[in-house]
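Student: Protein chains in written order, with this note's numbering: chain A, 1 to 353; chain B, 1 to 353; chain C, 1 to 374; chain D, 1 to 374.
Don't take every hint at face value.
With a straight-line cut-off of 27 Å between C-alpha atoms, the simulated DSS-like cross-links for lysine-lysine are [stated by the list, open to error]:
| hint | chain 1 | residue 1 | chain 2 | residue 2 |
| --- | --- | --- | --- | --- |
| 1 | B | Lys155 | C | Lys64 |
| 2 | B | Lys172 | D | Lys270 |
| 3 | A | Lys44 | D | Lys270 |
| 4 | B | Lys155 | C | Lys364 |
No wet-lab data here; the hints were simulated from the structure.
Quantities reported herein were computed from a predicted structural model and do not represent experimental measurements.
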Amino acid sequence: MATMVQAIRMALHVGEERLGVTDVFGEDVGPPLGGVFTATQGLKTAWNSPLDERGIIGTAIGLALAGQCPVAEIQFVDYVFNTIDLLKLAGGMSWSSNGDWNCPLVVMTPVGSGIHGSIYHSHSFDGMATHIPGWKIVMPSTPRDAYGLMLSAIKDPNPVMFLAPKALLRAKAAPGEEIPGEPADERQLSKMIDAPLGDRSQWTPQWPDTPDMFIPIGEARTVRKGRDLTVVTYGRMVAVCTKAAEELVSEGVDVEVIDLRTLWPYDWKTLKESIERTSRLLVVNEDTEVTNFGEHIIRRTVEECFYVLSSPPKLLAGAAVPGIGLADNLEHASVPQRAGIAKTMRELAQHQP
Amino acid sequence: MATMVQAIRMALHVGEERLGVTDVFGEDVGPPLGGVFTATQGLKTAWNSPLDERGIIGTAIGLALAGQCPVAEIQFVDYVFNTIDLLKLAGGMSWSSNGDWNCPLVVMTPVGSGIHGSIYHSHSFDGMATHIPGWKIVMPSTPRDAYGLMLSAIKDPNPVMFLAPKALLRAKAAPGEEIPGEPADERQLSKMIDAPLGDRSQWTPQWPDTPDMFIPIGEARTVRKGRDLTVVTYGRMVAVCTKAAEELVSEGVDVEVIDLRTLWPYDWKTLKESIERTSRLLVVNEDTEVTNFGEHIIRRTVEECFYVLSSPPKLLAGAAVPGIGLADNLEHASVPQRAGIAKTMRELAQHQP
Amino acid sequence: MSTSSYQPAPRSDAEALDDTTEKSGNERNVTSADAALAPELLVRMHDLMLKARLLEERLIRMQKQGDGYFWIGGPGEEAFNVPLGMLVDRGEGVFHDYLHLHYRSSATLLAMGADPVDALRQMKNVASDPYSGGRNFAGHPSIRKWNVVPVSSPIEVQYSMAPGTAYAQKRAGGHGITIVTGGDAGTAEGDFPTCLVWTSRPGHELPVLIIVTNNQWGISTAGATQHGEKRISDRGKAFGIKCMTIDGNDPENSYHQIKRAMDYIRTERKPVLMEAMVSRLYGHSSSSGANYVQEEADCLMTFEKKLEERGILTRAHIDELRAKYTQELLDASKRVREEAQPEGSTIYDHVFAETNIVGLAAAKSRATANGRGN
Amino acid sequence: MSTSSYQPAPRSDAEALDDTTEKSGNERNVTSADAALAPELLVRMHDLMLKARLLEERLIRMQKQGDGYFWIGGPGEEAFNVPLGMLVDRGEGVFHDYLHLHYRSSATLLAMGADPVDALRQMKNVASDPYSGGRNFAGHPSIRKWNVVPVSSPIEVQYSMAPGTAYAQKRAGGHGITIVTGGDAGTAEGDFPTCLVWTSRPGHELPVLIIVTNNQWGISTAGATQHGEKRISDRGKAFGIKCMTIDGNDPENSYHQIKRAMDYIRTERKPVLMEAMVSRLYGHSSSSGANYVQEEADCLMTFEKKLEERGILTRAHIDELRAKYTQELLDASKRVREEAQPEGSTIYDHVFAETNIVGLAAAKSRATANGRGN
Ligand SMILES: Cc1ncc(C[n+]2csc(CCOP(=O)(O)OP(=O)(O)O)c2C)c(N)n1
Ligand SMILES: Cc1ncc(C[n+]2csc(CCOP(=O)(O)OP(=O)(O)O)c2C)c(N)n1
Ligand SMILES: [Mg+2]
Ligand SMILES: [Mg+2]
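Produce the complete structure using the sequences and hints provided.
Tutor: Structure representation (structure tokens):
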């Protein structure tokens, strides 16, 4: 029962062993720490970089162009915003050269709120990331998906942004959602692959034998089938929406919850089929609500499914304010919460045209 | 009959003389050039900076915090993308300090396509800019609005982004749209305020006496009243949409064209009134179409006006590709063109539910 | 000339401000001042250093007890940060110093006269937190009336902003300077050289004290593994900026060196790059445990020993002081615990400013300067 | 060892690579090599310089005649860019040199063997433009088979990418190096120091030739008004990087200095920062008129005079050559004018790559290296 951060670490290990990963690097990514969330402990290609995000993204691009297979970490996505020009260049490398080059790299970075991260450890990036052409954007909500999406990200010949919902990094998989090959006992897994406290210089991890289980980029996952309303969400909000949906069962409201998993290119087929069936749409994410990626989903829905809609499609997202405040009240008022989501689900499902 | 770039220059002059502007600066902004588009010729506070956009935005913030009134230029918006973190900090200065500080600065920068600018002189910024909280965003479509919006931007106690549609910078005002006080003869104006070719060291401009004519931030302008369809647009697309609308008159299609002028905070009152009246909405802009600001307008429209809509609201925007290609065919295929806009207007206006 | 209380030294100390880092070869060589300071000054300095240390220890305790989500701060930097704060020309507007600080600068604020309870308030994210209203992490102050620019979490950005306040000061005349400070690892960001380039433009040199507090760590990463520079301060040389690397663990030396640099900047209106070697006594932050690090030099301990040896303070007096401040801070933390949390609905407050506060201050200080015949 | 054709010099020239910029005080001092090159080499160098100049002049003409929207290029830099191109170890993959070039690098490409018609194609944005398919401006090449990374308009970003290709080369072994070049004004961006920091990490020094072509202008802005550095190359010193400022208007000197630097980098696997003083002979770009600037030194003219004096070339021969290349380029531009423009529908091509082209090349060169028992 791996946590998401362990799943990422195992995927990176498989990447190193079998998929050609040459460099896992970034601030505090190498020994002794192995990442501020431990995502890179014990990896043989992990190394520490200078404190310089432009250098990290730039070097990742250079490594990629030289045929290496880098996974670069931005320690928190909150610190990616001085590199948007470089991200755009990476996304445009194939296109600008008319296919002469490709630029195969992975940027992984923790996103979102939920750990009392205050203004600069709570940012979302889905809005801006999906606005940068040439990137594939994935965002897992379970350890298993994190594992499989990371393998796909590594294998992809394009730049892939791996957004890790930081509040889920230490969450364990649900039963039945194990990664094949991981030990049944979570304490055993921890002993095998978590670095010990104190001196780690003699430590080497013992990796369980996990397979090349790719979760394809571009495939959504229907977490919960439902009749009355389609909820499209991803990352940390998947579990929150699912719980809200379950709350409503007793009221006879049957909500379908779709975990997008890949934000770009996204699984429109699955979304459309669901929306046409339920005739109602709610999009939920944490990013600030103006020029939000959920608005794209809604735009496309009204453009293509207008006449099936029985209620106005709706977005629940972060408040359009400059940050997420530290105090609980502030964070809760800034990011969609379960109660508010359930209320909106109910309203939309019961809405009478 | 000032051009837009002359109007901006005159506004900056008024800013220096009467509104406290202390610094107009950026790459090639000072003498001898006075800006790559001549927007800053002859200004007494204009100075050249190092080639360093982070330094430009950072210094503008510092000047603002020290009670100065800076107008900083990013030579082309295509080069703003390594400063997004600083823009976010400027936008969050008041909020993060809980109102202890404010951060009054103007960033002006040319945006958009239409001058064969190829990949890195054609970018739009409305999508990302409206996603950064704490900024006011204006974008004129006429010299007069450029003048009045610049004055308002200078006076505002908050960071204001002045997006100048570069293809319009040399376009003249329509008759009746003069700036009060400018000479009737455009050659005379040019003689007064355009720097001569060759040696400029002895030259000083003669500024016409133009008034403090503020175009309020947050007020849209209805360019063309219409019955059948509301078109919301801004910048270079205003004239293109208006021409397309006029094309349709002979077919009996009567299109309302609204120039948003301020993208944030935008004039929802005017938009809503219009949409409720025409029952149809088309949003047109040049930015890439995914996580596009127009999608926000559409989202809000379906949330608040769903039941008045007689056709699916629609967005016409830039193709979601990494850049705008140099060859005409490529540019035309990437950015909405008059013919395509007219076609969509017709379809929407004649759409039968 | 200005509303500042600063009186320039009778002669410019510019010549005295040699590049003191040149003498050694490979090892990090630091200067040490010889002149002793007046006993009252030393006592005051010690008092502030002790209070600053105890404040940080209280903050750490609060976080560990659940009275706060995150701690970061400056225990180990007091011997540099306190003299810095004492030498600041405090006030609002261009005729006073602007401070673009690091998240380890609490001792500087204390030395400037900040009330320690405000740091506790920010730790507990209560509505009364004057720095951010419960929005920001501990160690992220903002004090407009003293020109303390909001500290932000993104590393190094303050170095890109510092030229702006200094530009305003240079233009205004007077002796106000801009002080910018940050860590060693952060100098790898582009903002640090931006500051070097923008403060040394020929004919437009800016009055900035560019400080790097070098604790030789960036979180878990040893500086020596990432930095080819022998001394970070060497990076200023190519720009003709006066550079110095000093022992920031010795408060007397820090006081002398900072004063010397400031005198130069206040009168010459040109930048100085000062690297101060300091300790990181409780690790990076609460995320790394926030436990006392035995291996690092403890400037407070060393200084107290020195003061005892010189007969300026007794151990008994120090113990008494420590007990007193400890109790005061404990009491204050209990009071803060009872203060109200901000309401959720306040998240929309101050997204936009209604009035130009900073502009008003500037106009006021211009008027005062003019009133003085300037 | 590798598939590279490079043969290391019998002895490392590392010791010979002094910091040659130290001798003077205030003025920009540049070195000048004394050893003469073999006549055949000089003739070949002249041929390439002349062809490069005429190519740029043809491009300027095309733009002025409406056969292109924008011109930017490198007339005035031939005396540096040609020797650079001649000394490149050309090929694909880590065992050859990677080039992260500036938009003024056309002469380097010509010297590497590029067909000038391809530059004309990019100017005319025809579908057959091999660098970008009619998408990008003139002067923005991309040639994967020679490790020429796509030149992008944003200034200086190539300096942040260069460490990546060099890291791969250092790890691979062999003698491949990374060459990165850009202008003087652009060094104010953070990417330039990023390159200095990342190439000089202790124990991880990288084989990069970091070039700054200093024409003392950024568009309309004189370098001296914005840069406090006496020499831009001084910025490398703090990092222990070998630094040199050279006269880039003298092709013999350039050849010697580049060779010396490259030999050091190829064998020592450490960076060199080289500032080359060059001219900007037709102003910034077509936006600033693209007219010949009388005031700047013209390296081609000087070199031709020298070759005549030495009896290596005659004026008649030069004139003949000039006439021949001029005609060839004119003919080529006429042919290009007839080539097809790209279709609008192609804008969606290559947004995403279908296969990992760069990865395949890497695998292949690894295999070859292994095959050679390495
Ligand atoms: C731009 C940015 N990148 C990364 C971080 C995460 N981070 C916080 S502190 C820190 C290390 C800072 O080291 P240094 O600059 O030496 O300052 P110190 O903490 O040692 O005082 C890092 C990487 C950040 N806050 N901002
Ligand atoms: C990041 C960025 N900012 C601004 C520009 C606009 N611009 C193009 S060239 C140039 C001047 C470059 O000067 P320098 O680096 O000295 O190179 P040179 O053109 O002299 O070779 C500027 C400001 C740009 N292309 N990229
Ligand atoms: Mg440090
Ligand atoms: Mg230049």
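Student: Could you run down the list of hints and mark each one as holding or not?
Tutor: Right, here's what the structure says about each hint:
1. A C-alpha spacing of about 47 Å is found between B:Lys155 and C:Lys64, which places the hinted pair above 27 Å, so the restraint is violated.
2. Note on B:Lys172 and D:Lys270: the hinted pairing is violated, with a Cα-Cα distance of about 57 Å set against a maximum of 27 Å.
3. For the proposed pair A:Lys44 and D:Lys270, the alpha carbon gap of about 24 Å is at most 27 Å, so the pair holds.
4. For the proposed pair B:Lys155 and C:Lys364, the alpha carbon gap of about 18 Å is at most 27 Å, so the pair holds.
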